[in-house]
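Chemist: Spelled out, the chains give:
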Amino acid sequence: MAAESARGDAALLDVRGLTKLFGELRACDGVDLTIERGEIHALLGENGAGKSTFVKMLFGSLEPNAGEIRWDGRPTAIASPGEARGLGIGMVFQHFSLFEALTAAENIALSLDSRTRISTIAAKAQALSHSYGLPLDPYALVGDLSVGERQRIEIIRCLLQTPELIILDEPTSVLTPQEADKLFETLERLRSEGKSILYISHRLEEVKRLCDRATVLRNGKVVGHCDPRGESAASLARMMVGDEVKAVERPPLSERASTDKLLRIEGLDRPPATPFSIPLRNIGLAVHAGEVIGIAGVAGNGQSEFFEAVSGEVRQASPGTIRIRGKDAGRAGITERRMMGAAFVPEERLGHAAAPAMKLSENLLLSRHATDARAFLGRAGVVKTAAITASARRINVAMDVRKSGEDPAAASLSGGNLQKFIIGRELDRKPSVMVVNQPTWGVDAGAAARIRQSLIELARNGSAVLVISQDLDELFEISDAICVMHNGELSEPVPITEATFEKVGLLMGGAEPGHSAAAGAH
Amino acid sequence: MRIELVKRPQQSALFAAISPFIAFAITLVAGAILFSLLGKAPLNGLYAYFVEPLTEVWSLHELAIKAAPLIMIGVGLSICFMSNNWNIGAEGQFVVGAIAGSILPVVFPDFQSPLVLPLMLLMGIAGGAAYAAIPALLKVRFNTNEILSSLMLVYVAQLFLDWLVRGPWRNPEGYNFPETRNFHASAVLPEVLPMSGRAHWGFVFAILAALILWFLVSRTLKGFEIRLLGQSPRAGRFAGFSSARMVFFAFLVAGGLAGLAGICEVSGAIGQLRPTISPGYGFAAIIVAFLGRLNPLGIIAAGLVLALSYLGGEAAQISIGVSDKTVRVFQGLLLFFVLACDTLIHYRVQIGKAPAVQPKAQSHEQPEAAHGHG
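Chains as they are written, first to last, in our numbering: chain V, 196 to 717; chain E, 123 to 496.
Hint data in this document are derived by calculation from the structure and do not stem from the laboratory. Possibly wrong hints are sitting among the right ones.
Unchecked claim - Simulated restraints on C-beta separations: (1) E:A152 with V:G218: 14 to 20 Å; (2) V:E461 with E:V471: 55 to 61 Å; (3) E:G402 with V:K579: 16 to 22 Å; (4) V:P270 with E:V471: 52 to 58 Å; (5) V:E231 with E:Y469: 39 to 45 Å; (6) E:V128 with V:T454: 57 to 63 Å; (7) E:Y469 with V:G419: 18 to 24 Å.
What the hints assert, rightly or not - Selected chain E positions facing chain V (in silico; Cβ < 8 Å): (8) T342; (9) S354; (10) G443; (11) K447.
Note that CB positions come from ideal geometry on N, CA and C, so glycine has one too.
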């Protein structure tokens, strides 16, 4: 075998029949994949298709049940991330693992095995960041950096180990369009130097633009290898989903669009709750009956803080800050705001919107015990189990929630199905104000389309819908106007007819610092 | 070599149901080993401990007397533990309840009327609840760890009782023994079946408390709130429930029941205050709560089992001559095995090969569906 290992014809990475079982579930089922030197290879698939499982096996954090990994022509067992790095495999994770209270250089030093001095590391990191056009101050505290900058630390940390193969897991999901463009330049430069990149994404346009080849996974199996440049976004989507994805229909706002401000936010300020959370600054917004307003923004710019303030999980000092259906709600808690007709869907499904170990019917009670007390509760607060199970069943049918068993625990549902249930739980009430944070995060395309359509329908039937999302495509699909949240401030809404990716992207990068002044002009 | 606990994808419902029985069986095996190490015949030892006390009517009464405080405290603690409030100080709440309830018969022995007993019970409840409110308040206001504060308050309560019975409350006709005066007749909790034995109404209160709390937890919105805030506090807040109020609710219920247990013990079983009024009921009730799987009905059964171990300990001291400390050993073994069985239902042991997977990398081992902020 030694002759073969010479840097010759052998592909850099050749994976054959890689299989991983989790109990009954075949997370990866005989996956074949070849990556040549100097190639950007896309790994496409919906959430739960097995992409993450696959790369974890490549990176040594999961052990395959069957199959072979050939590195540089040699069969290799990768037992740990350390071994993977030793071979020349580097990884940039979707969720960063950085300590916010340390500097960039200190964070990089933590992942290097050697006892190199911080100053040496900082110098190296700076040199590298310059040569790849990824400006970075190695002495900056991570807590002060934007998400895009944090990603640069991860990339530089990875590059410092001079890998041959770099794995990037959904790298653009946290970037503005402009930041993403910059990243693509860096990746193209790496390719020209002969490095290989495994690029995991579900964004088809960027895969078409960047990648040389693509492998598509569905339910753990490879459904095809292709040249993404020769495919259309629709044909790639069909391969990923295995079915046509129905486009969302957005009927135009009716002429006599209501002037009823069902949700009005005025002068909302919130000091940071922790040293690293974002303060909210003078946020103002009105959502009228019948419309969907989208809030775009890179994650971590105050969206979660904003959601908590609007939902009433955190109350405001002054009652007029939030008005729901014309009534002051600033000092009301979440239950009272629900009683005023509002409904909320937070970002985290498990542990925030739903209790993981509780049954769906109990999770229905979770958000509706006060608004539907008459239907769900008897005398002395006795829970009417039959009534809540019946309502849960109705919601599951309406939203097409697929589950095992009649009334399973929330944690046993897939992310998409649980999200359909959680959205359905609120829609079932026909709320007049609906506030949703990341409605389709990690949800498969079919379920996402259904959720988006139902939000539009709710609005067109006379409710006010506010959607916070990191997914620009989604916001352009469903919103009547888009605001951008940047660094705890909210821009003026841009009507959808005037909104472009570029315009919104610039706002996401903070291009218009004085938008509170602009707000005054309107 | 590396030993790891790996979470099982799903738990066996069968084993989850029978785990307390398995734990009890292993305790018996360990107990048999213990007896043979002590040089006693293991079967005789186990017989003396767990069978002999059940063979006579009077000792069944004694069983009920010992089970009453265990059940009462245990069901109260189950509310605490279910809602994620770690009240370890029931022993102290028991003592303060006993002291508060004894004010009338000890300080005002001339006040004798049918009202005395109900007032004593209410004061016992109030005393225990007030004492439990201290760690609750500290937790809510200052984010203090309630395990430490509630535990340390146990010693304060015990020493306070010691001081009372040696000092101001000592029986003036008691030849300087550290005891209060004996409770007068209308301050004594009567027997349920005076013809057959001395089991008092405390046992009935315990069963009633268990039934009421069972209904509360399993059938009402309040029970849902308790479970929800215990399992996922953030989802509880999203549901509009207040964790601060739940801290008080759980501590007050547990403290009130511990206080009731305390005054029932003093007024029903002992008849006066002494420096020591509890053989560790407040701590043993923690075992009872977990052995009963935090289910009030299960806790009735678990309370009887633990009471049996106390009773058996006394019997074995006499019949086979082992130290009364073996009771503590049995109770410790039982808790250990209950927790171990529960752990092994949720996790399996993996004796590892791969050394030192870097902790950094492990933090990434989250399923794709899990979601954090970027």
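Chemist: Would you mind marking each hint as holding or not holding in the structure?
Modeler: Consistency of the hints with the structure:
1. E:A152 with V:G218: 14 to 20 Å: For G218 of chain V against A152 of chain E, whose Cβ atoms are near 33 Å apart, the range 14 to 20 Å is violated.
2. V:E461 with E:V471: 55 to 61 Å: 58 Å, holds
3. E:G402 with V:K579: 16 to 22 Å: 42 Å, violated
4. V:P270 with E:V471: 52 to 58 Å: The hint (52 to 58 Å, Cβ to Cβ) is violated, given that P270 of chain V and V471 of chain E are roughly 31 Å apart.
5. V:E231 with E:Y469: 39 to 45 Å: 43 Å, holds
6. E:V128 with V:T454: 57 to 63 Å: Check passed, 59 Å falls within 57 to 63 Å.
7. E:Y469 with V:G419: 18 to 24 Å: Violated, at about 39 Å.
8. T342: 4 Å, holds
9. S354: Holds - the Cβ of S354 of chain E comes within 8 Å of chain V, reaching about 5 Å at its closest.
10. G443: Violated: closest Cβ of chain V sits about 48 Å from G443 of chain E, beyond 8 Å.
11. K447: Interface hint status for K447 of chain E: violated (39 Å vs cutoff 8 Å).
Violated hints, listed in ascending order, are 1, 3, 4, 7, 10, 11; each of the other numbered hints is respected by the structure.
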